[in-house]
Amino acid sequence: MIKLENIFKWYQVGGARSFVLKDINLHIEQGDFVSIMGPSGSGKSTLLNVIGLLDEPNEGKYYFMGEDVLALKAKKRAALFQSHMGYVFQSYHLIDELTVYENIETPLIYKNLSSKERKAIVADMLDRFGIVGKKDLFPSQLSGGQQQIVGIARALAGSPKLLLADEPTGNLNSKQGEDIMSLFKQLNEDGVTIIQVTHSEKNAEYGRRTINMLDGQLKDI
Amino acid sequence: MIKHFFITAIRHLSKHKIHTLLNVWGLALAIACCLFIYTFIVYQLGFDRFHQKSDRIFMVVQDLKLEQLEHSKGGSYAMYTAIEKEIPQVEHVTLYMDKQELTLKIDNKLFKTEGKAAFTNATYFEILNFPWLRGDVQQLNEPNTVALTKSIAERYFGTADVIGKTIWVESQHPVTVVGIIDDSRKNSDFRSEIYFSLASVKGLKGITEDSFFNNWGYTHTSNNILMSLHQPNTKSLVEKSLHDLVAKHWHKDVLEYYNYKLLGLPEFHFDKDYGKGTQKSLLIILGSIGLGILGMACVNYINMTSAQQLYRSTEMGIRKALGGTKKQLFLQFTIETLLLSLIALILAWLLFFIAFDWANKYLFLTDPIQRIPLGSFLMISLLLWWGIALLTSIYPSLFLKQLHIQTGIKKLALGRWNFTQRTLVVLQNSIALLLVTGTIVIVSQVRYLKNTDKGFDRSSVLIIPIKNQMWAQKEKVSNLLRENPAIISYSFCDNPPSYDKVWGGTVQFDDSTEWETWAPRFAIGDSSYLSTFGIHLLAGDNFNQDMENPQFLINETMLHKLGYTQAQDIIGKNLMAGGLNDQHKGKIIGVVADFSTHSLNEAIAPTVLGYNETRFKNVAIKYAGTASSRLLNTLEQQWKILYPNEVFEYHFYDEQIANLYKKEALLEKLIWIAASLSIIISIFGFLGLISVIIAKRTKEIGIRKVLGSSNVGIFQLLAKDFIRWILIAFLISAPIAWYLLSKWLEDFTYHITLSWWMFVLTGIIGILTTLLTISFQSFKAAKTNPVNSLRDE
Numbered sequence: 001m002i003k004l005e006n007i008f009k010w011y012q013v014g015g016a017r018s019f020v021l022k023d024i025n026l027h028i029e030q031g032d033f034v035s036i037m038g039p040s041g042s043g044k045s046t047l048l049n050v051i052g053l054l055d056e057p058n059e060g061k062y063y064f065m066g067e068d069v070l071a072l073k074a075k076k077r078a079a080l081f082q083s084h085m086g087y088v089f090q091s092y093h094l095i096d097e098l099t100v101y102e103n104i105e106t107p108l109i110y111k112n113l114s115s116k117e118r119k120a121i122v123a124d125m126l127d128r129f130g131i132v133g134k135k136d137l138f139p140s141q142l143s144g145g146q147q148q149i150v151g152i153a154r155a156l157a158g159s160p161k162l163l164l165a166d167e168p169t170g171n172l173n174s175k176q177g178e179d180i181m182s183l184f185k186q187l188n189e190d191g192v193t194i195i196q197v198t199h200s201e202k203n204a205e206y207g208r209r210t211i212n213m214l215d216g217q218l219k220d221i
Numbered sequence: 001m002i003k004h005f006f007i008t009a010i011r012h013l014s015k016h017k018i019h020t021l022l023n024v025w026g027l028a029l030a031i032a033c034c035l036f037i038y039t040f041i042v043y044q045l046g047f048d049r050f051h052q053k054s055d056r057i058f059m060v061v062q063d064l065k066l067e068q069l070e071h072s073k074g075g076s077y078a079m080y081t082a083i084e085k086e087i088p089q090v091e092h093v094t095l096y097m098d099k100q101e102l103t104l105k106i107d108n109k110l111f112k113t114e115g116k117a118a119f120t121n122a123t124y125f126e127i128l129n130f131p132w133l134r135g136d137v138q139q140l141n142e143p144n145t146v147a148l149t150k151s152i153a154e155r156y157f158g159t160a161d162v163i164g165k166t167i168w169v170e171s172q173h174p175v176t177v178v179g180i181i182d183d184s185r186k187n188s189d190f191r192s193e194i195y196f197s198l199a200s201v202k203g204l205k206g207i208t209e210d211s212f213f214n215n216w217g218y219t220h221t222s223n224n225i226l227m228s229l230h231q232p233n234t235k236s237l238v239e240k241s242l243h244d245l246v247a248k249h250w251h252k253d254v255l256e257y258y259n260y261k262l263l264g265l266p267e268f269h270f271d272k273d274y275g276k277g278t279q280k281s282l283l284i285i286l287g288s289i290g291l292g293i294l295g296m297a298c299v300n301y302i303n304m305t306s307a308q309q310l311y312r313s314t315e316m317g318i319r320k321a322l323g324g325t326k327k328q329l330f331l332q333f334t335i336e337t338l339l340l341s342l343i344a345l346i347l348a349w350l351l352f353f354i355a356f357d358w359a360n361k362y363l364f365l366t367d368p369i370q371r372i373p374l375g376s377f378l379m380i381s382l383l384l385w386w387g388i389a390l391l392t393s394i395y396p397s398l399f400l401k402q403l404h405i406q407t408g409i410k411k412l413a414l415g416r417w418n419f420t421q422r423t424l425v426v427l428q429n430s431i432a433l434l435l436v437t438g439t440i441v442i443v444s445q446v447r448y449l450k451n452t453d454k455g456f457d458r459s460s461v462l463i464i465p466i467k468n469q470m471w472a473q474k475e476k477v478s479n480l481l482r483e484n485p486a487i488i489s490y491s492f493c494d495n496p497p498s499y500d501k502v503w504g505g506t507v508q509f510d511d512s513t514e515w516e517t518w519a520p521r522f523a524i525g526d527s528s529y530l531s532t533f534g535i536h537l538l539a540g541d542n543f544n545q546d547m548e549n550p551q552f553l554i555n556e557t558m559l560h561k562l563g564y565t566q567a568q569d570i571i572g573k574n575l576m577a578g579g580l581n582d583q584h585k586g587k588i589i590g591v592v593a594d595f596s597t598h599s600l601n602e603a604i605a606p607t608v609l610g611y612n613e614t615r616f617k618n619v620a621i622k623y624a625g626t627a628s629s630r631l632l633n634t635l636e637q638q639w640k641i642l643y644p645n646e647v648f649e650y651h652f653y654d655e656q657i658a659n660l661y662k663k664e665a666l667l668e669k670l671i672w673i674a675a676s677l678s679i680i681i682s683i684f685g686f687l688g689l690i691s692v693i694i695a696k697r698t699k700e701i702g703i704r705k706v707l708g709s710s711n712v713g714i715f716q717l718l719a720k721d722f723i724r725w726i727l728i729a730f731l732i733s734a735p736i737a738w739y740l741l742s743k744w745l746e747d748f749t750y751h752i753t754l755s756w757w758m759f760v761l762t763g764i765i766g767i768l769t770t771l772l773t774i775s776f777q778s779f780k781a782a783k784t785n786p787v788n789s790l791r792d793e
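In the order they appear, the protein sequences are chains A and B. If you're matching positions, the first sequence starts at 1 in the UniProt record's numbering and goes up one per residue. If you're matching positions, the second sequence starts at 1 in the UniProt record's numbering and goes up one per residue.
These are calculated hints, taken from the structure and not from any lab test. Don't take each hint at face value.
Pulled a few chain B residues facing chain A out of the computed Cβ check, cut under 10 Å [what the hints assert, rightly or not]:
1. I7
2. I10
3. E315
4. G317
5. I318
6. K320
7. A321
8. L322
9. G323
10. K326
11. Q328
12. K561
13. S709
14. S710
Note that the Cβ used here is the ideal one computed from N, Cα and C, for glycine as well.
Given these sequences and hints, build the entire structure.
This is the structure we're talking about:
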């Protein structure tokens, strides 16, 4: 599903290059659940962003479902992103001005789905994550765990094949974190490919395999 | 999708209430200001352009060829009848004698016509488009008939259904109402409220001599000869025919002195020589001010939006991460802008209607402006709305273009205070400061004009107009004024010093039989004129009014104009003053210090003081101290006994002088309002900015406090930028203001000089306003406990 070949990413600092990603080669199959681990600054978030098309490498090849993503035009890349990927953030990043319902609806609006289709999908999501009763609340009225569930629901609304999660439990207490992780496991069993960045060994264990990073390089696979 | 954007926009606007309020009110004020100025300009430009034949309607004007051309309008009755009979290119011609002062009696109530009456005939209504609502126009050709506008009929009778009713003119002549006229159109310089038939002018005006009707020289500026031509391009042909008529019926020598011309009716409103002289520059100034203020409000909006990046960049980053395209995000911004400016527009309509009524009541007084048709009002509103939306969405679109999802989400894309934005703020405040300096200077100049007496004393003087019919009682008036102990001095006269209508004519000096090629002005009064108005006699004696050979006083300018330097040398010389006394040669008996006969917009002219009872129109009364109200009471009662059929009318002399400067006073008030608006809008801008800047620097403020900065230190830190902007704005505005205002002042014959305090005052006002504006929020920020602001989320 994902194939990264010789991915480099660097920042120009003075005359020298400071590498964030250094010669990354990675292969991820459909249905996998990958945890990326490593200390702060090791480049794991950047790697996730490159995979999620939120960031571009300076060098290298990236194939997503057989397509050379970096060669695509911006518009097509956006379409690819819209139809195949969902993103979950550490600090949830719900839109404060929108209700739970509307937050989940937003990516569907950007996909130009009709209001009838949107209604059906959002209702399905609310039901699936057990937050029907909260649909008219605003993010500030929810606990962190609840917000993250909404964040996941929003990421899954577009029925993506790939779910990217950047420290999804980083701002949650352990009980909430466990709930989220078992939710991920459940999703993966239902067929969603998941890549998560995490600090915690415990969380990493929910995945099928773990990738360790240090100083922008993969340590072992 | 649109609905979703609307919901977001509304929620966003209500979340940032303060910014929204500042933006909405700022834009609303600016839009209302623009709508108002637009209405004013359209109204002024539309004067006399609505007549169907407006391109071929003309009026007769003339130039008297002296050293300087003397311009005037109006003609004589004889000229009017000759044009009607003898010039075939003329389709219709009428005599329209406007600004008539008569006293009307209706159901035993007395009304002054206050210059709203005119004499004319049915042809007037063929030329100009003032539709009749009731009655037959042709009846206005009959004697003793009158047509009223709907408004004045309602004022006089309480109803417009008054055909056949009787109005008594001067309590002697009954006239019948034969028509009601639609007066919904007000922007004409040639409209009256009360139209008496021209056929009754002899009786109603008490004209005794036939010369009014036969003599070509019997001209008057309010005897307008209006005509419509079959073809507008025959204008010069008609002008030539007019000269021929003058040579044929009057005298060919007249043409050596006079040049007759036709002036297009719509040009009259802006014509400086013959017409009303409404300054087009005033309209341009107002237009620029309107656009400037609108620009300021837009700058506020742009600045606040861009400063809000702090809050918005995260949201935009998320939206991009959720798959929103640039187009979709831009649409969201645009809808937000459209919504906000729509709210502002609706608020502006409300403000406009309030301001409109207020302005007609207090600002334009005698010349109320009219609303423009609803269609064009909506058009201009729509144009403003979209214009603002377009202008204010430029910035967000640039912002979106630059925004990277990553930096966005991480709040790295904090509003960058780049060069453009700083420039915008500085520019905005330059406009405000320019208007402030303008206000200071214009107010000083108008005050100077209104309060400066050149060579006379205005204090404690009352002017009471006396009409022709009232002179029979002159002796009685004189007696009761003499007996009143509160009255120091009184003078029957035509024109007090500083008057709007001043007569003049050429003179023969000494033994010369040639008329001079220049015409001095006349100050016509009795021998108490000097004492009543406090004019200084420099040499010789005051004139004696009862001499058969008249005695004259002249002013210093006249002395010099005649080639003398010593007053003594000219005393005793002969003077024939044409128009002042045509029968007898007189003598110069004294010289007075220069005093202004006109408004201070004109230089002091050579002036002859003399006596001519037939031209008297007023009695001026100098009273003691401040007992004016008791004096007025007494006079009113005495007047009622003397003149039971007259309304007691009086003016305070100083107010009458101030009235000469209506145009300047209007400009003064308008610039006041404009400056206040611009200050309010820049205060709004600063309020918005300071809140954003504080939000952005919260952490910095916290760190500085931890490092030991005092509250005052924090305040200084925050105020420093604002003061710097204001100072730069001041440096930009000061030379521009100096240039523009010295240009403006140059147009005045007498004017103040620009001085440094006007600019210093501007600077002080700017800095004080700024400090006051930012102080509340800054001190609040300075007092915040750093523990709260430094806590990491």
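Quick rundown of the hints versus the structure:
Using the Cβ-Cβ criterion of 10 Å, the hint placing I7(B) at the interface with chain A is satisfied: the shortest such distance is roughly 7 Å. A least Cβ separation of about 9 Å between I10(B) and chain A falls short of the 10 Å threshold, and the interface hint therefore holds. A cut of 10 Å between beta carbons decides the hint on E315(B): the least distance to chain A is about 6 Å, and the hint holds. Hint on G317(B) holds. Least Cβ distance to chain A is approximately 8 Å, under the 10 Å limit.
For I318(B), the interface hint holds, since its Cβ comes within 10 Å of a Cβ in chain A; the closest pair sits about 5 Å apart. Satisfaction of the interface hint for K320(B) is found here, the shortest Cβ-Cβ separation to chain A being roughly 8 Å, below the 10 Å cut-off. Because the closest C-beta pair between A321(B) and chain A is about 5 Å apart, less than 10 Å, the hint holds. For the restraint placing L322(B) at the interface with chain A, the shortest Cβ-Cβ distance is roughly 4 Å, inside the 10 Å limit, so the hint holds.
The restraint placing G323(B) at the interface with chain A holds, with a minimum CB-CB distance near 4 Å, inside the 10 Å limit. Interface hint status for K326(B): upheld, as the beta-carbon distance to the closest one in chain A is roughly 9 Å, under 10 Å. Checking Q328(B) against chain A by beta carbon gives a least distance of about 6 Å; that is within 10 Å, so the hint holds. At about 80 Å, the closest approach between the beta carbon of K561(B) and any beta carbon in chain A exceeds 10 Å, and the interface hint on this residue is violated.
About 31 Å separates the beta-carbon of S709(B) from the nearest beta-carbon of chain A, more than 10 Å, and the hint is not met. A distance limit of 10 Å between C-beta atoms decides the matter here; for S710(B) the minimum to chain A is near 35 Å, and the interface restraint is violated.
The structure fails to meet hints 12, 13, 14 from the earlier list, while all remaining hints are met.
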